[in-house]
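Student: One-letter residues, chain by chain:
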Amino acid sequence: MIILELKNLSKNFGGLKAVSNFNMVVEKKEIKGLIGPNGSGKTTIFNMIACYYPPTEGDILYEGKSILGLRPDIVCQMGIARTFQLTRPFSELSLIENIMVGAFATTSEEKEARRRAEEIYELLNFNASLNQNALDITTADRKKLELARALATGPKLLLLDEIMAGCNPQEKKELIDILLMLRKEKDITMIIVEHDIRAIISLCDKISVLDRGMKLVEDLPNVVANDQRVINVYLGEEYVAAKSK
Amino acid sequence: MLQKLGERKTDKNQIPFSLIIVAFVLLILPLLIHNEYIIHIFVMVFFFAFLGSSWNIVSGFTGELSLGHAALVGIGGYVSTLLFINAGLTPWIGMIVGAIVTVIAGIIIGYPCFKLRGPFFTLTTIAFAELLRIYVSNTETGPFGIQLKGSMGLLVPLLGNAPHFFEFSSKIPYYYIMLMAMFVATWITFLIRKKRLGHYLLAIKSDPDAAQALGVNLTKYRLIAMIISSAFASFGGVFYAQYFRYINAARIFGLDLSIEIALIALIGGQGTILGPIFGALLLVPVGEYLSLKLGGSLPGSDLAIYGLIMMAVVLFMPRGINNIVVKVFNNVDNFLMRLWRLKPREILNKKGRSP
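Residue numbers (this note's numbering), protein chains in the order written: chain Z, 3 to 247; chain X, 219 to 573.
For the record, the hints were derived by calculation from the structure and aren't laboratory data. There may be inaccurate statements among the hints.
To be verified - Short derived list, chain Z residues pointing at chain X, Cβ under 10 Å: (1) Tyr-54; (2) Val-77; (3) Thr-85; (4) Phe-86; (5) Val-103; (6) Gly-104; (7) Glu-148; (8) Arg-151; (9) Ala-154; (10) Thr-155.
Computed from a predicted structure; not experimentally measured. Cβ coordinates follow ideal geometry from the N, Cα and C atoms, glycine included.
Excised from the complex, chain Z in its bound form (with noise of 0.2 Å):
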């Protein structure tokens, strides 16, 4: 079953053309893979499906249905939650509080919010604690809050922009193994942009290759991986040298 579809999509800002033509399908319970180097439009295909800015041209289908047009949180009570490249904690509020605040896209009631919330902070296994200011808290965890808050909201659809990013390898491994569990037990669907290559191979059934706003080639992990023309604009040589060592 398809639960997003993108057609066509563009998005020009003034004279530059930041995603042209981009097609894409989501199937339920997928995890795509989103990558490219830098500007190539992964966050800017990412904005537009969260209906932050409209596009240019093309049509985005969430579970059958336009939402071009729509509020960001309407989209979000719909079920597509995403996540932030550069963490925008609320200061103002503590960590759990924090989690709370993408609870109540559920629910109305505190206790049942801050129920929901501290089964996520379990889950995610953060550094800091409940109560401590959501400023305080390290790279990782600030990545995890993103996670969290995103997660709070029961969303069917996952974006998720470079979650991964500032983590070492162990919480990197922690937080995928997170993500399979979460597509296993709640059925949650997800685009991954992720510039950690390995990351993102173990993680997603398939990748979808960015270049200058453009789809390049969109494959199985191993495929994509050894593909020449993603070597050449984005992995790199080096990149296939050191996995023959």
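Based on these hints, arrange chain X on the given structure of chain Z.
Tutor: Just chain X now, kept in the frame of chain Z:
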């Protein structure tokens, strides 16, 4: 999980026990002090703490600064007084009409501005208040032949001691009315902070985009805050008119009043529950004292001192004096408990250091 480093009592929203003792002292204060002037100062402290709380709900919690809160206060005061003069309606009912009119005004100001990003709300509130001040000051007879009396202002009909017309010959009933209003405003702020609304408002203040991405309807929740705030501000205006038995546009719609309200909440601690009370307790007596001592020789000196206090607070306590005052009261709590050979709260919470 419980043994994590740095775990300590950080729930700043808990109200210290010793503050309840202070509240009790305020309840019996008129029985102990018979000096009318001191009672008056306390009435003014409660009045500004109440208006500071009203401001805090919309501005302290959502970060949308209002610099025209006087407009909301003035509408409440004018509506109930005009109804009192022209229709003989008691201000107890007039205040409800006033609140409805003020809430409508609040929605008219808020709705367009809350859809925009940037300082538009602040600018609109200033403009709205100034517009009302200039219009009412220069209008003898308003629409439908309503006598606004221009810059003369309105005199509330004198009925002597008439409780059912919100008029008392002694200051003590006013003292209790305003004290209760302050308690109610604080209690409602406390509830807002605990519930979804408070979480959403503070999230909007910290980062509107991130809040919206989590399903928060920015305009709706800002408007809810504005509606609650407007209703409170309106009661402030009614009280002002009944307490002084006179209102004029220059004062009640004036920028001075707007800034005073905002300063009290900012210095007390925006987005906190008790901040406006602490702000008013610090600033109002200082202001009263200064205008008493220097009002003749150096008019405006109270505002200059407000400015200096503001600068000091911004430099040393950018989040207001609330956190420090609450910390002091928490220490008093611990001291009292030790006095009664009870375990300090920190042990009861099973967290952090032992005393």
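Student: Compare the structure with each hint and give your call.
Tutor: Checked hints:
1. Using the Cβ-Cβ criterion of 10 Å, the hint placing Tyr-54 (chain Z) at the interface with chain X is satisfied: the shortest such distance is roughly 8 Å.
2. Checking Val-77 (chain Z) against chain X: minimum C-beta separation of about 9 Å stays under 10 Å; hint holds.
3. Checking Thr-85 (chain Z) against chain X: minimum C-beta separation of about 8 Å stays under 10 Å; hint holds.
4. Hint on Phe-86 (chain Z) holds. Least Cβ distance to chain X is approximately 6 Å, under the 10 Å limit.
5. At its closest, the beta carbon of Val-103 (chain Z) sits 5 Å from a beta carbon of chain X; the interface hint therefore holds under the 10 Å criterion.
6. The restraint placing Gly-104 (chain Z) at the interface with chain X holds, with a minimum CB-CB distance near 5 Å, inside the 10 Å limit.
7. Interface hint status for Glu-148 (chain Z): upheld, as the beta-carbon distance to the closest one in chain X is roughly 9 Å, under 10 Å.
8. Given hint, Arg-151 (chain Z) at the interface with chain X, holds; its Cβ is 6 Å from that chain's nearest Cβ, closer than 10 Å.
9. The interface hint given for Ala-154 (chain Z) is met, as the beta carbon of that residue sits about 8 Å from the closest beta carbon of chain X, less than 10 Å.
10. Restraint check, Thr-155 (chain Z) versus chain X: the minimum CB separation of about 6 Å is within 10 Å; hint holds.
The structure agrees with every numbered hint stated previously.
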